[in-house]
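Q: Chain by chain, the residues run as shown.
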Amino acid sequence: MLKITNHDAVRELRMDRPPVNALNPELVTLLTRSVRQAASECDALVLSGRDGLFSAGLDVVELLQLDRRGMTAFWKSYFELLEAVALSPVPVAAAITGHSPAGGAVVCLMCDYRVMNRGEYRIGLNETRVGLIIPPVLHNAMARLTGPRVAEHMLVAGALIDSEEAFRVGLVDALADGSEATVGQAVGWCREMLSLPRHSMLGNRAFARAHFEQEFAGYTDEGVESFVDTWFSDETQQVMQALVAQLKNRS
Amino acid sequence: MLKITNHDAVRELRMDRPPVNALNPELVTLLTRSVRQAASECDALVLSGRDGLFSAGLDVVELLQLDRRGMTAFWKSYFELLEAVALSPVPVAAAITGHSPAGGAVVCLMCDYRVMNRGEYRIGLNETRVGLIIPPVLHNAMARLTGPRVAEHMLVAGALIDSEEAFRVGLVDALADGSEATVGQAVGWCREMLSLPRHSMLGNRAFARAHFEQEFAGYTDEGVESFVDTWFSDETQQVMQALVAQLKNRS
Amino acid sequence: MLKITNHDAVRELRMDRPPVNALNPELVTLLTRSVRQAASECDALVLSGRDGLFSAGLDVVELLQLDRRGMTAFWKSYFELLEAVALSPVPVAAAITGHSPAGGAVVCLMCDYRVMNRGEYRIGLNETRVGLIIPPVLHNAMARLTGPRVAEHMLVAGALIDSEEAFRVGLVDALADGSEATVGQAVGWCREMLSLPRHSMLGNRAFARAHFEQEFAGYTDEGVESFVDTWFSDETQQVMQALVAQLKNRS
Chain A
1 MLKITNHDAV RELRMDRPPV NALNPELVTL LTRSVRQAAS ECDALVLSGR DGLFSAGLDV
61 VELLQLDRRG MTAFWKSYFE LLEAVALSPV PVAAAITGHS PAGGAVVCLM CDYRVMNRGE
121 YRIGLNETRV GLIIPPVLHN AMARLTGPRV AEHMLVAGAL IDSEEAFRVG LVDALADGSE
181 ATVGQAVGWC REMLSLPRHS MLGNRAFARA HFEQEFAGYT DEGVESFVDT WFSDETQQVM
241 QALVAQLKNR S
Chain B
1 MLKITNHDAV RELRMDRPPV NALNPELVTL LTRSVRQAAS ECDALVLSGR DGLFSAGLDV
61 VELLQLDRRG MTAFWKSYFE LLEAVALSPV PVAAAITGHS PAGGAVVCLM CDYRVMNRGE
121 YRIGLNETRV GLIIPPVLHN AMARLTGPRV AEHMLVAGAL IDSEEAFRVG LVDALADGSE
181 ATVGQAVGWC REMLSLPRHS MLGNRAFARA HFEQEFAGYT DEGVESFVDT WFSDETQQVM
241 QALVAQLKNR S
Chain C
1 MLKITNHDAV RELRMDRPPV NALNPELVTL LTRSVRQAAS ECDALVLSGR DGLFSAGLDV
61 VELLQLDRRG MTAFWKSYFE LLEAVALSPV PVAAAITGHS PAGGAVVCLM CDYRVMNRGE
121 YRIGLNETRV GLIIPPVLHN AMARLTGPRV AEHMLVAGAL IDSEEAFRVG LVDALADGSE
181 ATVGQAVGWC REMLSLPRHS MLGNRAFARA HFEQEFAGYT DEGVESFVDT WFSDETQQVM
241 QALVAQLKNR S
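The listed protein sequences correspond, in order, to chains A, B and C. Going by the working numbering, the first residue of the first sequence is number 1, and it counts up by one from there. Going by the working numbering, the first residue of the second sequence is number 1, and it counts up by one from there. Going by the working numbering, the first residue of the third sequence is number 1, and it counts up by one from there.
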């Protein structure tokens, strides 16, 4: 599910769960553990995906089989991953090797830097379209990259945009040609960070990301409950069942 | 004063108070009532104006005849309109059919989405030029669209900019050719919103706009007093009397 | 060290401390006094530098000779300058006549408006590269101009960028061709401000900059201590001694 490669002091965690790198409970737990471990074993981190597909987001097919208790546990576990990335003591770059909707894009928002494979790949938080309501910490993380106006429009519409537009609005920081170049550029960015005086690079980085600490602390059980309520509401279940039926028809 | 048209589930409120759609107490009250009513009678709202002129802003000629008590009442009533638009339970698009200075532009800031008639029309908060001081909620609403740097420059200078520049800096979200196309595009944006799962579209929208609630709550009687003080100050009265004289000479 | 020129109601303070307008304790004190004095003697202020060089930033060679007590006093005095500029009762424009790294760029962040000499001049907060950690008020002042995403990237990397890129990301507001044109355009911007109704221009300006007051108030002795700790840390001293050796070799 996860291929680990060390490019000198930069560790790459490549999601490899065919066919679409869907984030199921197992992959999320594995990612969180690996991100945390990385802090003591390497100096910077790259999160990457398969050629043409970073991650299709949450594994809705598997998650729809969970009961309320199971879904609550999963959602908390997914937030532990997001927090581990956002508050990583070492810099984290996303190598967005291809499509990255919803839960995949959310992981990217938490990184320090985002390089995306130029081409017909799409990225965005399309939660509105699958009946879900985006928690404040994710909404603010988007606004931090694109400004509040663009974030409002994209999040309310559940927009998926292509790589060029993602670059234009600041959702990604750089474009690269092809999957390997995307990883290469993300590794290169990490190396640049590591060439700087370490204590001041990390010190200036810490302040830039300190607000994440408060935001995650502010996402309490009440917020989780509210998300799970929406998940099990008739309206959302209908939208997601229709989505799953569509996915099955397609394959 | 107000032409109401239903485009299916999208209601258009077209200001029609010749010659310049100036916002006097009567039009403001009518708009507020209509905006509130719309929430229970339609699914989305478009605010539009006359061909070539969205609104010239506050009706200074009429307002200059009010005493302190009357002006205080009007200013509160104008803020009720702004709050009704900003916190509307259904999406609101502005179809900026032409010029939109000062009080007209302020209404646009409160909307979810702004389409402007491309061409030699101007928009902006030129309050500085007429001797007025912009309340915090309006200043922040501008900064939310353009970022704080551009907002500071435009608001301090009282700048009126053309539609192309307004689009470039984010004060408007889209341009259309001609007045009817402007309305059409605003209606189209509303329809797009209404094609999404309703509960998640509205849920994600609610968070994006929640800060408006606190901001309006924070604009207390003290803020109103302070605005009215400035209104009746010698300096502001002089500037506005000169403005009115100029308007009369022109016509 | 400081040439004072009155362009009618606009006063220019031109730093002139060869060779590189390095900010030593004496120049900082002189600047602070002059900025404060200006408020009662002129209507707007321009800060400028030498042709091709606004300021090389803090005078590291001189400052490295200070003990902890001396450095603490200097840092407080530098913040008094920054606060005097940020909270100046009259508008302040920066005429960035050339290179403006680190401490020079920081002064520019505090101004109302920044014009930069187009050409091969560089500007930025490269503190990371000299081993220093940027205080919150300066980090936020950058984010206010460029947005938080670009600010994070530039401040963590300690990036110095050329004038065209500085204009593109919003770190400067306008470009001019040549040193004198830069000053001329900064004076022109001040004159534009002074052509507006004074009380509303200053009133709208005051709100746009009110947050600076809280931010400076929030930078307490603890913050100063923390900066001085870093300054005297082995890592930072090494980086700075290497820098000074390099400067000496070059000359």
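Warning: the hint list may mix true and false statements.
Residues from chain A that face chain B, not an exhaustive set, calculated with beta carbons under 7 Å [stated by the list, open to error]:
1. Val60
2. Leu64
3. Asn126
4. Gly131
5. Leu132
6. Ile134
7. Thr146
8. Pro148
9. Glu222
10. Asp234
11. Val239
12. Leu243
Away from chain C, derived, C-beta distances all over 12 Å, residues of chain B [what the hints assert, rightly or not]:
13. Ser34
14. Glu120
15. Pro135
16. Leu138
17. Arg149
18. Gly184
19. Ala206
20. Phe212
21. Phe216
22. Glu235
23. Gln238
24. Val239
These aren't lab readings, by the way, just hints derived from the structure by calculation. Idealized CB from N, CA, C, for every residue including glycine.
Q: All the hints need checking, so say for each whether the structure fits it.
A: Each hint tested on the structure:
1. Val60: violated (14 Å)
2. Leu64: Violated, about 16 Å.
3. Asn126: With Cβ-Cβ at 10 Å, over 7 Å, it is violated.
4. Gly131: With a minimum Cβ separation of about 5 Å from chain B (threshold 7 Å), the hint on glycine 131(A) holds.
5. Leu132: holds (6 Å)
6. Ile134: holds (6 Å)
7. Thr146: violated (11 Å)
8. Pro148: The hint holds - proline 148(A) has a Cβ within 7 Å of chain B, the shortest such distance being about 5 Å.
9. Glu222: violated (14 Å)
10. Asp234: Not OK, violated: aspartate 234(A) not within 7 Å of chain B, min 10 Å.
11. Val239: holds (5 Å)
12. Leu243: Where the cut-off is 7 Å and the nearest Cβ of chain B is about 11 Å from leucine 243(A), the hint is violated.
13. Ser34: holds (31 Å)
14. Glu120: holds (22 Å)
15. Pro135: violated (9 Å)
16. Leu138: violated (10 Å)
17. Arg149: Violated, because the least Cβ-Cβ distance between arginine 149(B) and chain C comes to about 5 Å, which does not exceed 12 Å.
18. Gly184: holds (32 Å)
19. Ala206: holds (23 Å)
20. Phe212: Consistent with the label, phenylalanine 212(B) stays out of reach of chain C, its closest Cβ about 18 Å off (over 12 Å).
21. Phe216: holds (16 Å)
22. Glu235: Violated, because the least Cβ-Cβ distance between glutamate 235(B) and chain C comes to about 5 Å, which does not exceed 12 Å.
23. Gln238: violated (9 Å)
24. Val239: violated (5 Å)
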